[in-house]
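J.: The lines below spell out each chain.
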Amino acid sequence: MTELAERPANPAATAADRPIGFGRIQRKEDPRFVRGRGRYVDDIVLPGMLHGAILRSPMAHARLVSIDTTEALAHPKVHAVITGRDLEGLNLAWAPTLSADVQAVLATAKVRFQGQEVAFVVADDRYAARDALELIDVEYEELPPVVDVRRALDPGAPVIRDDKEGQTDNHIFDWEAGDRAETDAVFAAAEVVVSEEVVYPRVHPAPMETCGAVADYDPVDGKLTLYETTQAPHAHRTLFAMVAGIPEHKIRVISPDIGGGFGNKVGIYPGYILAVVGSIVTGRPVKWMEDRSENLMSTSFARDYVMRGEVAATRDGKILAVRTQVLADHGAFNATAQPTKYPAGFFSIFTGSYDLQAAHCSVTGVYTNKAPGGVAYACSFRVTEAVYLVERMVDVLAAELEMDPAELRLRNFIRPEQFPYKNKTGWEYDSGDYEPTMQLALRMAGYEELRREQAEKRSRGELMGIGLSFFTETVGAGPRKHMDIVGLGMADGAEVRVHPTGKAVVRLSVQSQGQGHETTFAQILAEELGIPPEDIDVVHGDTDQTPFGLGTYGSRSTPVSGGAVALAARKVKEKARAIAAAMLETRPEDLEWEKGRWYVKGDPGVGKTIAEIALGAHGTVELPEGIDGNLDAEVTYDPPNLTFPFGAYVCVVDVDRGTGKVHVRRFVAVDDCGTRINPMIIEGQVHGGLADGVGMALMEFIGFDEQGNNLGGSFMDYLIPTAMEVPDWETGHTVTPSPHHPIGAKGIGESATVGSPPAVVNAVVDALAPFGVRHMDMPCTPARVWEAMQGRPTPPI
Amino acid sequence: MQVPAPFDYVRATSVADALDLLERHGPESRVVAGGHSLLPMMKLRLARPEWLIDINDVAELDHVTRDGDWLRVGALTRHATLLSSALVGELFPIVHDAERVIADPVVRNRGTIGGSLGQADPAEDLTTVCDVLRARVVVTGRAGERVIGMDEFHRGPYETACEQSELITEVRFPIRPRSGSAYEKVERRVGDWAVAAAGALLVLADDGTVADATIGLTALGLEGCAVDAAAVLLGAHPSEEVFAEAGRLAAAASSPVEDQRGPVDYKRHLADELTRRVLRSAATRAGAGVLTATTGG
Ligand SMILES: Cc1cc2nc3c(=O)[nH]c(=O)nc-3n(C[C@H](O)[C@H](O)[C@H](O)COP(=O)(O)OP(=O)(O)OC[C@H]3O[C@@H](n4cnc5c(N)ncnc54)[C@H](O)[C@@H]3O)c2cc1C
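Same order as they appear, the protein sequences are chains A and B. The first sequence lines up with residues 1 to 797 when you count with UniProt numbering. The second sequence lines up with residues 1 to 297 when you count with UniProt numbering.
Be careful, since some hints might not be right.
[What the hints assert, rightly or not] Below, a list of computed lysine to aspartate or glutamate pairs in the EDC-like style, where the Cα atoms sit at most 20 Å apart:
| id | chain 1 | residue 1 | chain 2 | residue 2 |
| --- | --- | --- | --- | --- |
| 1 | A | Lys77 | A | Asp148 |
| 2 | A | Lys77 | B | Asp8 |
| 3 | B | Lys43 | A | Glu182 |
| 4 | A | Lys661 | B | Asp265 |
[Said to hold, decoys possible] Now the stretches of chain A that chain B is said to cover, found in silico as 3 or more residues with beta-carbon under 8 Å:
| id | stretch |
| --- | --- |
| 5 | 235-245 |
| 6 | 658-667 |
Because the hints were derived from the structure by calculation, they are not lab data. The structure presented is a predicted model; accordingly, all values stated were derived computationally and were not measured. Built from N, CA and C at the ideal position, the CB exists for glycine as well.
Generate coordinates for the entire structure from the input sequences, incorporating the hints supplied.
T.: This is how it looks when you write it as structure tokens:
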């Protein structure tokens with residue numbers, strides 16, 4: 001008990017000095033979560049609700065010879081068994097993906113990955129539904145699978161997508177950015193060129209809550225209410241209208257509390273559609289909730305990029321150009337989520353934080369017999385892969401030049417006066433001041449001292465590594481004229497209403513999966529209008545109650561909807577000014593604003609608070625011309641550019657020479673996400689992302705055997721880090737606001753996930769330098785680290 | 001949610017009751033102790049018993065008692081109990097070494113020594129510990145009890161001498177003066193099963209030479225102890241040289257298989273590396289003088 005008293009007082013805990021606006025406050029949503037009062041999809045129970053379960057393919061590639069459902073249908077608790085053939089009759093066997101491809105809802109002629117949906121059972125309870133799955137008799141005729149992405153385009157490779165008219169191989173797309181000829185010329189003339197194959201293995205978002213839905217189709221009024229684990233309720237509603245032919249005004253998508261998304265809950269999964277079909281067929285609500293293995297084996301994976309990275313430089317360490325060729329494994333259906341014009345997402349940000357003469361990347365997407373997806377996973381549309389590649393390659397160059405990697409980075413940063421900076425692949429970096437951020441991280445880490453310690457340890461044969469990464473992201477997609485998903489422009493909305501008593505509600509088109517939107521967005525409104533955050537209710541995740549928008553992923557909520565909230569608040573503020581002027585019998589231009597109040601210029605004692613104005617607006621005050629009551633506003637924000645958060649990370653590891661085991665001893669993270677709305681939430685986002693990054697760097701990996709069997713289908717096989725594998729995080733920050741964003745905020749949701757894996761791997765490779773190791777691929781498991789020491793690191797493919 | 005196939009459930013109140021229930025419900029009945037091996041298998045429908053006979057109320061199976069030259073541990077003793085027992089730690093530090101790296105606190109609070117030995121998973125740690133300590137297992141049936149050595153009890157992966165109608169009731173550890181024991185495991189992450197592990201027991205003679213030695217390996221494809229490796233230690237003074245030789249022989253005795261945890265040569269290397277490490281600790285714990293301090297590699 002005494003220990004408790006000695007703990008420093010939590011500054012956020014005292015109500016008195018709680019900020020009205022930006023600052024450190026505890027999350028408004030947390031009391032309900034910590035008391036077990038969150039309401040997730042699986043908590044939804046509707047009268048008469050039935051339960052669905054999916055029969056999945058045990059094989060990676062096979063012809064479906066026959067499906068016999070007789071016995072399952074005879075189960076006393078089973079209401080329906082649906083197969084691909086049934087769906088064909090409804091024209092629902094295939095659904096469009098988010099990448100202009102189609103995906104089987106239930107397999108028809110073939111199965112194309114292990115875990116693919118084959119049949120759907122609807123029963124009284126989830127136990128009976130599972131039991132009935134075993135009563136379905138499926139005959140498969142095995143086909144050779146395509147497992148190794150590097151073999152997918154071989155001339156004789158089995159064609160996975162023979163359903164597609166004219167598809168004679170496993171090729172999906174070729175995409176490039178930058179100027180190839182210019183880049184090749186710089187490389188040809190360069191003093192130093194380094195080259196390395198860098199693999200970002202297939203990993204999984206693995207949110208704590210798996211995916212699921214409760215579909216409730218009312219056969220009388222034709223209205224579908226769909227509770228779903230989705231990060232993008234509005235986009236899902238539109239897609240359901242397109243796919244299922246239910247008119248859009250008859251669909252209500254509700255995304256209640258969501259237990260983590262990380263991109264896993266952007267796409268539309270067959271299970272959601274099947275729940276809807278099940279409800280239409282049975283006339284009763286149907287719940288479908290996948291289990292952990294289903295989540296890991298069938299829903300959106302992430303990454304799976306095989307990259308050949310190259311850097312051209314001068315002998316004295318000036319980086320001139322970067323280029324890369326990428327082979328992207330998209331699985332059996334191209335279902336990645338990203339803006340239409342960007343089939344490789346924003347991978348072309350792989351030029352990093354450096355001022356270059358030239359850059360070129362080309363990406364080839366291919367089909368394999370693996371689960372589809374390749375979605376965000378806290379990757380800001382492939383920024384994760386891009387940052388990993390460039391930050392790994394800069395270290396490879398540092399090794400080649402025998403130069404300190406910190407020094408090499410500092411020498412090549414884009415300089416502050418170069419912003420806004422147009423890079424060689426077409427991005428306009430909005431703002432940045434990299435050197436102070438880097439210097440702060442080095443100082444916090446005690447970089448010089450660490451290098452001294454390392455030298456000393458090396459002389460004793462001990463393996464210690466120091467790894468750096470400096471990342472720049474491109475997030476907050478995006479300007480609608482360049483960016484859309486299945487034709488829906490990537491703008492987002494917010495609607496603000498100030499109630500007569502001065503309390504407010506803000507309705508958002510984005511949906512939180514744990515990021516703290518109920519707090520952050522209340523704070524944005526608080527900052528603009530001076531209404532305390534606790535007096536503001538944030539409503540999201542229900543298409544009947546919120547304005548249209550594309551949802552939360554790619555760190556876009558604050559950059560896009562955050563902008564919308566600020567601008568809507570400013571509209572309210574201007575309206576309040578006109579009303580206040582009427583109330584004070586003066587002219588609007590004679591009023592001045594202080595947080596929460598308009599007052600008469602030169603006479604600060606005379607004014608009206610926002611609450612008084614709100615009451616006036618709803619009351620009997622005679623309103624000025626053009627104002628018809630209320631204190632509301634709605635804005636759809638179409639961002640003029642993306643935002644470019646950045647940061648400097650330092651990781652220190654010790655490697656056990658005898659076992660290959662890596663211990664992450666320290667991790668310093670300095671982030672610059674522009675204006676900081678709630679530092680506590682920012683730190684939380686960074687902590688989570690760092691743990692995620694350590695996980696990917698050290699252990700997370702979905703492997704496959706030669707038959708295409710998924711080897712990462714449970715948490716016994718797919719390892720995610722625990723408190724024991726991560727150190728105490730040391731965080732710091734700098735602030736370089738975005739010049740084009742209404743409040744200067746850039747987004748923080750994915751920074752740490754993007755920036756930390758290269759820091760950890762660079763540290764491990766640095767530790768292995770005495771063995772001549774220049775590169776090893778993630779995950780740095782004990783066995784793989786030991787193999788790297790033996791001079792034969794194997795790629796995780 | 002993963003759900004098992006349908007099953008019935010009954011709680012036993014005593015060893016005799018459990019044995020009756022096993023008899024009554026026949027070959028498709030299974031005992032459940034901590035449930036941390038059985039329930040996951042049931043959820044994956046790899047195991048589908050028709051009856052679960054829960055022995056968690058059988059208090060007579062939950063004890064740790066010193067009885068002369070033996071330590072008697074009831075089959076229902078939890079991992080957490082073994083880990084928190086000062087007596088166990090003092091007599092058999094290898095048990096604490098192993099328990100510290102078995103799963104996580106949640107699993108250790110429920111999982112039992114009887115369930116661990118009964119499950120006989122090839123990566124299970126306590127089987128190696130019992131091998132190394134030359135423990136004896138008490139198996140009780142309606143006809144009475146048998147006290148058997150580990151070599152007889154443990155028949156191979158997932159196979160033991162405990163018949164379906166019997167119960168493991170106790171594990172007995174011989175207490176050896178001037179002994180030291182140790183266990184070390186490499187895991188990919190805390191709570192993961194072993195990539196590989198090794199355990200060793202050294203008993204020293206009055207002159208400081210090794211009077212008795214056992215070495216066991218986990219997840220390395222060796223059933224029973226590494227006899228040849230232990231043999232080179234007998235009569236020798238503990239030293240880096242003789243440990244290195246034992247390590248080499250332990251690696252030779254192993255026959256690991258490649259899996260997600262690592263390739264064969266790595267695992268064989270670990271057999272060597274970990275054997276040397278546990279021998280060093282065991283020797284120190286047995287009171288051997290300071291060894292030549294070379295670190296592994
Ligand atoms: C996430 C996780 C990680 C784990 N990691 C490790 C690890 O690193 N190392 C390790 O060694 N173990 C590990 N385990 C296994 C854990 O130690 C289990 O508790 C143990 O293997 C089984 O013990 P139990 O009491 O839970 O047995 P149960 O699951 O109840 O039973 C297992 C089997 O033994 C039989 N059985 C149980 N008690 C008796 C008895 N008295 N007589 C006859 N038969 C009996 C049952 O019928 C069943 O067949 C892990 C488990 C989990 C879930």
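J.: Hint by hint, say whether it matches the structure.
T.: Now the hints, each set against the structure:
Straight-line distance between C-alpha atoms of Lys77/A and Asp148/A comes to about 43 Å, which puts the hinted pair past the 20 Å bound. Proposed proximity of Lys77/A and Asp8/B is supported: the alpha carbons are some 19 Å apart, at most 20 Å. For a cut-off of 20 Å, the pair hint linking Lys43/B to Glu182/A is broken: about 58 Å separates their Cα positions. About 16 Å separates the Cα atoms of Lys661/A and Asp265/B, which keeps this hinted pair within 20 Å; it holds.
With 0 residues carrying a beta carbon less than 8 Å from a beta carbon of chain B, the stretch 235-245 of chain A misses the three-residue requirement, and the given coverage is violated. Only residues whose C-beta sits within less than 8 Å of a C-beta in chain B count toward coverage, and the stretch 658-667 of chain A has 4 of them, enough to reach three; the restraint holds.
In summary, the structure is inconsistent with hints 1, 3, 5 from the numbered list given earlier, while agreeing with the others.
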